[in-house]
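Enquirer: Sequence:
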Amino acid sequence: MAEDGNGAAGAEETALQDALAAEHAAVWGYGVVGAALPADGRAPATDAEQAHRDARDRLAALLDGRGADATPAGAGYELPFPVLSAVDAAALAVVLEEGVSGSWVALLAAAAELEVRQLAVDGLQAAEARAVGWRVAAGRTPLTTSLPGLS
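Take the sequence shown: its position 101, counted from the start at 1, is 101 in my numbering, and no numbers get skipped.
Hint data in this document are derived by calculation from the structure and do not stem from the laboratory. Remember, predicted model here, so these are calculated numbers, not experimental data. Don't be surprised by glycine CBs; every beta carbon is placed ideally from N, CA and C. Hints are all accurate, no fakes.
Derived CB-CB ranges, DEER-like: (1) Pro80 x Ala39: 21 to 31 Å; (2) Ala75 x Ala8: 29 to 39 Å; (3) Gln118 x Asp69: 16 to 26 Å; (4) Pro38 x Ala112: 44 to 54 Å; (5) Gly41 x Leu143: 12 to 22 Å; (6) Gly10 x Ser85: 35 to 45 Å; (7) Ala35 x Gln125: 19 to 29 Å; (8) Glu115 x Ala86: 32 to 42 Å; (9) Thr46 x Gly7: 37 to 47 Å; (10) Arg140 x Gly7: 35 to 45 Å; (11) Ala86 x Ala129: 16 to 26 Å; (12) Leu114 x Glu78: 27 to 37 Å; (13) Asp57 x Gly139: 27 to 37 Å; (14) Ala43 x Gly139: 17 to 27 Å.
Please build the complete structure, drawing on both the sequences and the hints.
Expert: If you want it as structure tokens, here you go:
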């Protein structure tokens, strides 16, 4: 990686840091999602939270391996709307997955290495797959987006 953060390597590192920040926010947000769901309906939120923890940890390890200081998690995050029901929780999960998708697309665009491109493609695919399930639960249409992360 470039020491001064310029060029393709610098753009890739910035995008890695942004993806990490999005994953931190998703991990935090899924705590809110799960809390608003009935106990017998929390499995998808728990699974999604773990998936985001895993992605966060992969990104942090990648940055650490490059000698970069990983973006730390925030103490808390502002919710885009009140989460007062299971439908609100599903809608928040959609927002979280769409936010993560955007960061994966940006990483894909900035990726200079094959390993990073593959990580971004895998992350984008997983986020959109989760988003479809949450759109169903939130009663949203369309269920899929033609270009996830670009809208």
